[in-house]
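Given next are the chains, with one letter for each unit.
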Amino acid sequence: GAVVSQHPSWVICKSGTSVKIECRSLDFQATTMFWYRQFPKQSLMLMATSNEGSKATYEQGVEKDKFLINHASLTLSTLTVTSAHPEDSSFYICSARDPLLYEQYFGPGTRLTVT
Amino acid sequence: SQQGEEDPQALSIQEGENATMNCSYKTSINNLQWYRQNSGRGLVHLILIRSNEREKHSGRLRVTLDTSKKSSSLLITASRAADTASYFCATVSNSGYSTLTFGKGTMLLVSP
Chain A
1 GAVVSQHPSW
11 VICKSGTSVK
21 IECRSLDFQA
31 TTMFWYRQFP
41 KQSLMLMATS
51 NEGSKATYEQ
61 GVEKDKFLIN
71 HASLTLSTLT
81 VTSAHPEDSS
91 FYICSARDPL
101 LYEQYFGPGT
111 RLTVT
Chain E
1001 SQQGEEDPQA
1011 LSIQEGENAT
1021 MNCSYKTSIN
1031 NLQWYRQNSG
1041 RGLVHLILIR
1051 SNEREKHSGR
1061 LRVTLDTSKK
1071 SSSLLITASR
1081 AADTASYFCA
1091 TVSNSGYSTL
1101 TFGKGTMLLV
1111 SP
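Those sequence lines, one after another, are chains A and E. This note's numbering puts the last residue of the first sequence at 115; the count rises by one with no breaks. This note's numbering puts the last residue of the second sequence at 1112; the count rises by one with no breaks.
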């Protein structure tokens, strides 16, 4: 199957700082990527849908000014957690949709810990 | 928002036994998918079943779908310790938006 990578795999940062997470589709061009958040022992919650060249669509309750999404190219979407707080500590997973097969492929996730 | 409910929440079995996990959902769907997640890792797509299908097989996996009851089941036969993971169902609705809505998941522990 198609490969989606995320960078970094894990990151620890201090409260108040910003952290950028990258999501790349390695062998296909993804016009649409998705960002999910997963708290321990819980399911994935969709945060936002990222469309190449346009603004992201955020799910209800997700602050767009806090979670900045940039999908500047067909193979890269970034999620920036601004002014991070300990409650932002979570596992962030991206997925990319193959426009030809219409399947979603998930990245390995990024564990964010805010101290 | 989450739509699916899996049961059981957690399941512990011995190697060689079968494991059955159930998923219920609320809205009309285009398809339903099952994913596996090892602890702290990303998701692995297991199988997709469309709304007009009732049963699908893939290796040791068997998935059923009952759209009248809005439910699906995942059966893993002859389980192995390596099957230990969390399993999630996810639905794609008929609303025209192809986003995945995940259930809460079942944690499966297979003991040697």
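Everything labelled a hint here was simulated from the structure, so no lab data went into it. Keep in mind the model is a prediction, meaning the values are calculated, not measured. Please note that the accuracy of each hint is not assured.
Unchecked claim - Not everything, but these chain E residues come out facing chain A in the computed CB check (under 8 Å):
#1 R1080
#2 A1085
#3 T1099
To be verified - Chain A stretches covered by chain E per the calculated footprint, using a threshold of three residues with CB under 8 Å from any CB of chain E:
#4 17 to 28
#5 44 to 58
#6 73 to 80
Cβ atoms here follow ideal geometry from the backbone N, Cα and C, with glycine treated the same way.
Each hint, compared with the structure:
1. R1080: Violated, about 21 Å.
2. A1085: Status violated, d = 13 Å.
3. T1099: Because about 6 Å separates E:T1099 from the closest Cβ in chain A, which is inside the 8 Å limit, the hint holds.
4. 17 to 28: violated (count 0)
5. 44 to 58: holds (count 4)
6. 73 to 80: Violated: only 0 residues of the segment 73 to 80 of chain A have a Cβ under 8 Å from chain E.
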